[in-house]
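Sequences and hints are given; from them, build the entire structure.
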Amino acid sequence: MTALSSERPAAPYTLPPLGPNKKLKLPKEAERRLPNGLTVIAIRRPAVPLVELRLWVPFGRAHLARAVLLSQTLFSGTDTMSMVEIAAALQSVGGGLSAGVDPDRLLVSGNGLVTGLDRILELLAGVLTGAAYPNDEVATERERLADRIQVAQSQPAHLAREALLRRMYGSHPYATQTPEVEQVRAVRPAQLRALHAERVRPDEAILVLVGDVQPGKALDAAERALGGWEAGGRRLALPAAPPLSPGPLLVVDRPDAVQSSLRIALPAVGRTHPDHAALQLANLVFGGYFSSRWVENIREDKGYTYGPHSAVEHGVAGSALTVAAEVATEVTGPALLETVYELGRLASLPPKEDELEQARQYALGTLQLGMSTQAGLATVASTYAGFGLRLDYLAEHSARLAAATRDDVAAAAATYLAPSRAVAVVLGDAGRIEAPVAALTPVERQVSSA
Amino acid sequence: MPPNGYPWPIETTRLDNGLRVTVSQDRSAPVVAVNLWYDVGSRHEPHGCTGFAHLFEHLMFEGSVHVAKSEHMQLIQGAGGSLNATTNPDRTNYFETVPAEHLALALWLEADRMGGLVPALSQETLDNQREVVKNERRQRYENVPYGDAWLRLLPMLYPPGHPYHHATIGSMEDLNAADLATFKNFHETYYAPNNAVLTVVGDADPAEVFGLAEKFFGGLAPRPDIPAAPEGRQVVIAGGPARDRVAADVPAPRVYLAHRTYPFGTAEYDALTVLAVVLGSGRGSRLYQRLADGARLAQPDNIGAYGVDLAHGPAPLIVTATARPGVTAEQLEAGLVEVVDELASGGVTEAELDRARALLTTSWWRQLATFEGRADTLGRYAVQFGDPARAAERLPGWLSVTAERASGLAAELLRPIDRATLTYVPEAMA
Numbered sequence: 001m002t003a004l005s006s007e008r009p010a011a012p013y014t015l016p017p018l019g020p021n022k023k024l025k026l027p028k029e030a031e032r033r034l035p036n037g038l039t040v041i042a043i044r045r046p047a048v049p050l051v052e053l054r055l056w057v058p059f060g061r062a063h064l065a066r067a068v069l070l071s072q073t074l075f076s077g078t079d080t081m082s083m084v085e086i087a088a089a090l091q092s093v094g095g096g097l098s099a100g101v102d103p104d105r106l107l108v109s110g111n112g113l114v115t116g117l118d119r120i121l122e123l124l125a126g127v128l129t130g131a132a133y134p135n136d137e138v139a140t141e142r143e144r145l146a147d148r149i150q151v152a153q154s155q156p157a158h159l160a161r162e163a164l165l166r167r168m169y170g171s172h173p174y175a176t177q178t179p180e181v182e183q184v185r186a187v188r189p190a191q192l193r194a195l196h197a198e199r200v201r202p203d204e205a206i207l208v209l210v211g212d213v214q215p216g217k218a219l220d221a222a223e224r225a226l227g228g229w230e231a232g233g234r235r236l237a238l239p240a241a242p243p244l245s246p247g248p249l250l251v252v253d254r255p256d257a258v259q260s261s262l263r264i265a266l267p268a269v270g271r272t273h274p275d276h277a278a279l280q281l282a283n284l285v286f287g288g289y290f291s292s293r294w295v296e297n298i299r300e301d302k303g304y305t306y307g308p309h310s311a312v313e314h315g316v317a318g319s320a321l322t323v324a325a326e327v328a329t330e331v332t333g334p335a336l337l338e339t340v341y342e343l344g345r346l347a348s349l350p351p352k353e354d355e356l357e358q359a360r361q362y363a364l365g366t367l368q369l370g371m372s373t374q375a376g377l378a379t380v381a382s383t384y385a386g387f388g389l390r391l392d393y394l395a396e397h398s399a400r401l402a403a404a405t406r407d408d409v410a411a412a413a414a415t416y417l418a419p420s421r422a423v424a425v426v427l428g429d430a431g432r433i434e435a436p437v438a439a440l441t442p443v444e445r446q447v448s449s450a
Numbered sequence: 001m002p003p004n005g006y007p008w009p010i011e012t013t014r015l016d017n018g019l020r021v022t023v024s025q026d027r028s029a030p031v032v033a034v035n036l037w038y039d040v041g042s043r044h045e046p047h048g049c050t051g052f053a054h055l056f057e058h059l060m061f062e063g064s065v066h067v068a069k070s071e072h073m074q075l076i077q078g079a080g081g082s083l084n085a086t087t088n089p090d091r092t093n094y095f096e097t098v099p100a101e102h103l104a105l106a107l108w109l110e111a112d113r114m115g116g117l118v119p120a121l122s123q124e125t126l127d128n129q130r131e132v133v134k135n136e137r138r139q140r141y142e143n144v145p146y147g148d149a150w151l152r153l154l155p156m157l158y159p160p161g162h163p164y165h166h167a168t169i170g171s172m173e174d175l176n177a178a179d180l181a182t183f184k185n186f187h188e189t190y191y192a193p194n195n196a197v198l199t200v201v202g203d204a205d206p207a208e209v210f211g212l213a214e215k216f217f218g219g220l221a222p223r224p225d226i227p228a229a230p231e232g233r234q235v236v237i238a239g240g241p242a243r244d245r246v247a248a249d250v251p252a253p254r255v256y257l258a259h260r261t262y263p264f265g266t267a268e269y270d271a272l273t274v275l276a277v278v279l280g281s282g283r284g285s286r287l288y289q290r291l292a293d294g295a296r297l298a299q300p301d302n303i304g305a306y307g308v309d310l311a312h313g314p315a316p317l318i319v320t321a322t323a324r325p326g327v328t329a330e331q332l333e334a335g336l337v338e339v340v341d342e343l344a345s346g347g348v349t350e351a352e353l354d355r356a357r358a359l360l361t362t363s364w365w366r367q368l369a370t371f372e373g374r375a376d377t378l379g380r381y382a383v384q385f386g387d388p389a390r391a392a393e394r395l396p397g398w399l400s401v402t403a404e405r406a407s408g409l410a411a412e413l414l415r416p417i418d419r420a421t422l423t424y425v426p427e428a429m430a
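Read top to bottom, the protein sequences are chains A and B.
Residue numbering for the first sequence follows UniProt numbering, beginning at 1 and increasing consecutively.
Residue numbering for the second sequence follows UniProt numbering, beginning at 1 and increasing consecutively.
Treat the hints as calculated values from the structure; they're not laboratory data.
Mimicking EDC-like on lysine to aspartate or glutamate, the simulated pairs with C-alpha atoms at most 16 Å apart in a straight line are:
1) A:Lys302 to B:Glu131
2) A:Lys23 to B:Glu101
3) A:Lys302 to B:Asp127
None of these values were measured; they are calculated from a predicted model.
Below you can see the structure in the form of structure tokens.
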């Protein structure tokens, strides 16, 4: 312990005792399934005079380029309103709506002043039932999307992620999550109208509204606006994601890069699997938050990187643990060495009691913090609903987090964090990094056009 | 009747050592946000010391007299909390959000590093964090297309010696030269209770917070003679418009137009904020309608206009667009200039103002939707305007901007002679 500075006395010495954990406070969800199949969930959270909206529409196995372009043109006009009119109408109630797709779903999200909720729902309904995909707007958005993909192709983080996904998923739809520019350019407006008619349907969709609302009234408002959205179309289920198949580390060349993008994937399980809580804790101890072993090692101790991160990612068809760091080119080999070391250490030896306790508190606290805002609560409620769960599942999950033992976490780490099960990619200046990386593990090289 | 922009209770006190404390209670979630604004930023850095305020922010997480290296993070995260800190030209802020029962821990940790950082500073932690910051610089500014635009715009807008002349991230050269004694001196100089504001928002009782603040911070000595940053309100400009053209590894030409405006917090800057929304926020905006939807010169993404909310000098307005394939940098610049010049000569319409008001209302409430957002806002108004309650003025300030005032301001500020123009072109096109 360092002596107190004489001229500037520090705070009283004793660390204040931590209070007992407060119980997880779960907000009440009001829920109604409309005759057309749409599930509506409303939650009151009056913090500020706003309302958050999330609409989840299952979209698995949709044609990638068309699905992405559909999400970008959903708001580009109806039979009665132009794109700019829709945007201006939303903005006049302080609102905005946007859509995005991933391999699981189309998600419309947005917010606005709570006094504008009826108007926002009315505009949303207009789009869901009458999106016209006007030829000229589709042409503009198609170019915009092509441009954006081109820009993304110059970003190391994007390229590394793409290479990792291909390596992880092979021929599964999850393997490619960004379409090629040529595929985007080939999409015709008629194909978007057909995809909309087939897949943008209420049958299995879930709408979540969170904010300064009376839940009963919000459900009524949603029913008034969206009751006329017609059921039909068809639903395609995704096949289960294949297990990872470990192999040589893939080196993707990006000549003259000043940093290398290191990406590793490991197996994981879904939210309701009995191992999930222990796996989540194992990931936290390894690298899932700032106070983890890996961050302590390669950032705090060695200064190799600014923001390393590992996370358990969940998709409807499967889950994976991913590890990512941007490291200075000259320390790529050492950074990989430390990463494999930390994975192996946790897979081989149980975590210490205090490390586990800290990770547990962090997991429980972030659950609480994640739901403390309207936007956070809306996202959590929508995500869980998309996986067939409701917020009350969090009570069960937090009980599992609270009960997990060192043995449970060690067993999960041995199963899921073992470096021998990893799939790894490094994007960087191959001429400078390949030899140091090859000293640690077999490599193969892919030449990138970027 | 304009709305009150801060409808929650605010209680304040000042400790004998000058530390100002603000509490805003809200029991809607069992969480508290703790925030410390220190009135020191990169504007205080002398020549040759760029990047020091930010590198110092990193060192504040590396241990203090009673807290071992990395323990600050471990204790907060181990209490289920989240935390971070940021540095900008004006100030440095440190903040954590924790379950309400861990309030005392957060305050104790902040007090320990306010009062007891210096004895814990070592050459080893300095060297380590210097490398982390250099990697941050690479990741955010160097390894990313257009990533250094801000670094290039500042010296075009503000002359040498002006506190905003250099960017907060600093230069690699200065970072490499940073020595331990300078950092010890930096802490002694600026990290004093009378140079800071502590704000707590959420599920906490004001009397309890004031008691804890006295207990943990009350014994820290004030510093009587904290040096001011160089004066920045007056900007002496030599010559006419500034231009820079950069050939770089970028996918398409991009143009930035920048103007000096007024300091954040003035009625003029409120009008500028409204103007920026009219000009560049979303698909209803002029830039979008004219350049992305209309003339199709610009990619619909990466088009926009925004003010950077700096309070100690004329804050910048940045207008930017990226060329669509086949469009040259010159064509794009001409298009941008035309839209900006029209705003300067023709002013804004009532319909545009209505849209801007609704958008600004939403963005204001979104900022205050989180406890940490509220704490940071109150800290800002306490430090920069002497009273956290003045946060309530901003939303009505925006909403009261008339078309006449916004138009007058556009005519005054957006003159070509006062413009800085930065252009990126792909190396292949250069």
